[in-house]
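In order, the protein sequences belong to chains A and B.
For the first sequence, my numbering gives the first residue as 1, with consecutive numbering after it.
For the second sequence, my numbering gives the first residue as 1, with consecutive numbering after it.
Misleading hints may appear alongside valid ones.
What the hints assert, rightly or not - Pulled a few chain A residues facing chain B out of the computed Cβ check, cut under 10 Å:
hint	residue
1	Asn171
2	Arg173
3	Gln519
4	Met593
5	Ala599
6	Leu603
7	Asn605
8	Val606
9	Lys621
10	Ile622
Stated by the list, open to error - With a Cα cut of at most 30 Å, we get these calculated DSBU-like pairs of lysine-lysine:
hint	chain 1	residue 1	chain 2	residue 2
11	A	Lys570	A	Lys513
12	B	Lys284	B	Lys294
13	A	Lys324	A	Lys121
14	A	Lys365	A	Lys396
15	A	Lys582	B	Lys87
16	A	Lys621	B	Lys26
17	B	Lys87	A	Lys607
18	A	Lys612	B	Lys20
Calculated from the structure, these hints are not laboratory results.
For clarity, every value in this text was computed on a predicted model and none was experimentally measured.
Built from N, CA and C at the ideal position, the CB exists for glycine as well.
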Amino acid sequence: MKTKEKSGKNKNFWVGENLVIKKYVDIAEELGSQMKAVSVAEFFKKNKHLLGFDNPLKSMLMVVKEAVDNSLDATEEYAHECEKKKREIEFPEIKIQISKEEHGLVIIPPGSDVPIADLIKTGKRNWDVMLLGKKLRASKVEGNTKLYNVEGRQIKLIFTGAKKPQVYVDNERAKVAERTLKYKVSITDNGPGIVEENIPKVFGKLLYGSKFHRLRQSRGQQGIGISSAVLYAQQTTGIPAKITSKIRSKKKAVTITLSIADNNEPIVHSKEYTDEFDYEHGTKIELVIEADYRESGEKSVFEFIRRTSIVNPHASFILIEPNKKKHVFKRTSNKLPREPTEIKPHPHGLEFGQLKDLLLATKAKTIKSFLVHDLSRVSSNMAESILKKLDIDSNKKPNDLTRQEIEKLLRALHKAPLQRPPTDCLSPIGKDALRKSILADTKAEFVAVISRKPTVYKGIPFLVEAAIAYGGEIKSEGMAQRLRYANKIPLLYDASGCATTKAIQEMNWKQYKVQSVAQNGVPMGPYVILIHLASVWVPYTSEGKSAIASYPDIIKEMKLALQDCARKLKSYLSANIRERIKAQRVGLFEAYMPELATALSKLTNVKEEEIKKSLLNVLDKISSVKSKEGEKNEK
Amino acid sequence: MKSRKDIDKKLEELGKLLYKEIKEGKNPYLDVPIRSLSNVHFNPKTKLIELGDATSKRYFFNVAHIRKFVQTLEVAALAKELLNVDKHLSLRQVFYAMRKTLPGTKIDIVDEQTESNQAVEDLELITGASREELHINANKNGAAAGKIIIKDKGDIIDWSKLGSGGWAIPSNTEGIEFQKVDAKFVIYMEKAAMWERLHEDRVWEKLKCVIIASQGQATRGIRRLLRRLNDEHGLPVYVLTDFDPYGWYIYSVLKFGSIALAHISRKLAIPEAKFLGLTAEDIKKYKLEKQKIKFKEVDLKRLSQIKEYDWFKEDKRWQRQFKLMKEMKGKVELDALITRGISFVSEKYLPEKIKNKDWID
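Work out the full structure, taking the sequences as your base and the hints as a guide.
In structure tokens form, the structure reads like this:
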């Protein structure tokens with residue numbers, strides 16, 4: 001466990017930390033310090049909501065999300081490796097299969113609300129007791145009575161002829177209740193796979209890995225990783241996680257079942273080797289969780305995968321739902337997104353605690369060297385002049401700065417005329433890839449896309465991408481569908497408090513020929529509006545990490561992006577409306593013309609062809625010069 | 001009556017005019033007299049409901065007009081065809097003849113019969129030719145009996161020798177030739193049952209008259225027939241209806257014309273028609289009060305509407321009837337006379353009323 005106490009202050013993992021990430025580290029710290037008194041399990045139980053496991057529906061999404069994040073990171077890394085080594089790129093493919101585990105009845109002993117075992121029907125009149133997915137053998141069968149020993153307690157089933165047997169625990173009548181729903185979530189990727197020795201650490205240790213210690217655009221900023229999903233499964237069903245992984249160099253895949261012990265160490269239950277694996281290399285995780293599954297709607301797994309696929313056009317997704325329905329979200333791009341790079345903190349975004357921590361953790365020998373090497377965009381001259389002005393010795397050890405000195409330094413740094421931080425740390429989806437992908441998803445008639453240049457807010461680089469799709473197969477009833485993303489992760493909750501929603505609502509849509517706008521400012525009709533915020537640090541509104549905080553700089557960028565798309569939409573719509581009305585009119589006239597020609601021919605004995613020709617001449621004249629009648633009709 | 005040739009020529013002229021406009025690169029249009037209440041009025045001089053002069057232009061190259069424009073032209077072309085082969089179609093058959101789908105679209109030229117019916121009426125207005133002259137008929141309805149001999153399509157028909165059914169009145173009575181008329185007046189009644197009663201009692205023989213009936217509102221064919229008997233042979237027309245706002249309206253249409261057919265009031269209405277139906281005085285006289293059918297809301301409403309008609313407004317005798325009916329809060333049917341005897345209506349009611357000139361003019 002990489003906590004302060006254990007790893008010591010020389011471990012440089014504070015570098016590049018900032019607030020939100022710090023929160024998680026705080027959790028880890030707390031975890032570490034309370035290790036003796038409180039178990040990891042208990043801590044998790046208490047803080048489940050912090051990690052996104054608020055309710056059964058959201059828990060399902062969180063588990064899928066964590067696993068998909070993990071897989072996307074792994075497969076992308078692999079694809080980049082391929083690219084670097086000039087091998088044929090193996091594009092990410094991720095399979096998500098969710099199945100309903102049989103859900104029968106549970107036995108709840110008197111005076112408790114925790115089930116002690118499952119009760120399952122095994123024959124027409126026969127029932128058995130099951131524990132952790134395994135059928136138990138009865139210790140004694142006597143007439144219409146069956147006896148079992150479960151964890152030192154005696155369970156007795158008496159078959160009375162009623163539908164269900166009567167159940168006694170330690171000779172006291174026990175309750176039999178419907179068990180809450182269990183689902184098996186299984187996610188497979190074609191990533192590099194994980195070396196056998198590392199599997200327990202990656203999946204069986206909270207906060208393992210390096211995601212939280214880097215200042216770069218990453219998905220993982222949203223959760224605390226796949227191990228939280230493992231822990232959630234363990235907490236709700238008690239069934240260990242099953243990991244199967246195969247690396248290129250090995251012939252067989254390895255399957256490990258594991259859980260997380262109270263001291264945050266992985267426990268491996270079993271290890272097997274198998275020839276069966278879907279890909280040449282990759283990782284599969286299977287978790288049995290207590291959760292809820294919805295087939296459609298904003299907060300469904302389908303929607304999550306669909307939305308994930310839109311902003312990850314270089315990856316394919318296959319979703320198999322509990323009802324066996326299979327959805328394939330095909331890759332639409334042959335280009336890998338740019339690999340985000342790590343950056344050092346920019347002085348304009350520093351906060352006091354952060355600076356203090358950086359000073360404590362740095363390897364630099366002098367404060368000047370610290371400013372130049374540990375922060376971004378501070379030149380040697382700039383450092384010299386700042387320190388001189390503050391009357392701080394530039395050779396002073398960073399650790400030795402007094403509180404007042406740190407405060408002074410921070411103020412000076414905030415005001416210093418510095419270049420903006422580098423923005424190549426960001427990995428946008430890209431205009432063309434996003435256009436293709438949203439077109440493939442919505443089958444719209446028109447799509448406007450923009451990927452804005454990176455900009456900086458409080459020393460933190462970020463960029464906004466937006467798209468507006470219109471018409472085609474987009475449903476025209478109700479409000480526009482809004483697709484919100486932060487660092488390529490779909491945001492499904494708390495739409496109303498999100499900066500993206502504010503940006504959409506603050507737009508004057510009518511100005512852009514959008515015919516009807518709901519009272520809350522969202523366009524009505526066949527529109528899909530997508531906003532993506534990519535940043536090394538996304539300011540979320542809360543621990544739930546489902547809405548982007550409404551910083552004016554961010555909203556401004558979002559609105560600029562939307563306005564750009566809306567302008568394109570407007571010119572399309574106005575041309576479209578004109579064309580359509582014209583085409584409708586002309587089409588109607590053309591449709592009736594032969595009939596009129598026939599009737600007139602009968603009345604006058606003039607040839608039909610002659611009449612048609614004359615009518616076409618009139619039509620040409622009328623549709624080029626708008627006649628008075630025509631104008632009236634358009635109104 | 002205009003000859004077939006005249007009508008044919010009219011239709012051809014209409015077509016040629018439109019073609020001329022098209023050839024000149026103009027948006028062709030039809031001038032259609034407006035057939036709504038705003039363009040209909042009662043002329044106290046002629047005592048007819050007449051159509052005003054307001055017209056509206058109906059263009060082909062106009063999204064809102066094109067459908068009706070083509071419908072009207074379709075009827076015109078169809079009418080020309082009918083005239084050329086000298087055959088007739090009913091309104092229903094006209095609807096089917098026009099029921100085509102425009103190629104390559106889902107647009108039908110007509111969806112409902114009301115559309116083709118309207119197109120026919122519009123064409124009447126545009127050409128000044130009646131529907132019958134355009135060889136388009138309504139369903140036939142009604143019967144006639146009396147001492148009259150006619151010629152219809154070459155057949156000689158004696159209205160007094162047609163058994164219990166009488167002569168079935170065709171929808172188009174324009175072509176009927178009266179060969180011998182031996183009657184003093186015509187009785188028109190709104191109910192076939194009453195006609196059968198009078199026919200069985202041979203009233204037409206005893207009173208030397210013609211009896212004609214339809215079911216409810218008189219058809220155009222019957223109205224034209226009545227009008228012609230009145231015009232050409234000077235026979236007074238007596239209208240026999242219930243003591244009922246609806247019965248009075250039937251009388252009103254026969255005498256003054258209707259809003260829907262205001263454009264042909266001059267051909268159909270019979271300003272000299274007289275009301276021989278039940279009056280408030282008859283009810284008292286023949287003690288029919290007990291046979292009263294209580295008014296419903298709609299009856300009262302209808303009564304107050306009729307009361308306000310321009311042609312009844314100044315008429316004291318009618319206003320008296322309306323007032324008495326309103327007090328009675330009910331209506332009485334002619335059939336109630338049966339309570340006085342099976343043939344009371346033929347032997348007593350009619351002869352007495354006619355002898356005493358006990359009608360409302």
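**Q.** Structure-inconsistent hints, enumerated in ascending order
**A.** 1, 2, 3 and 15
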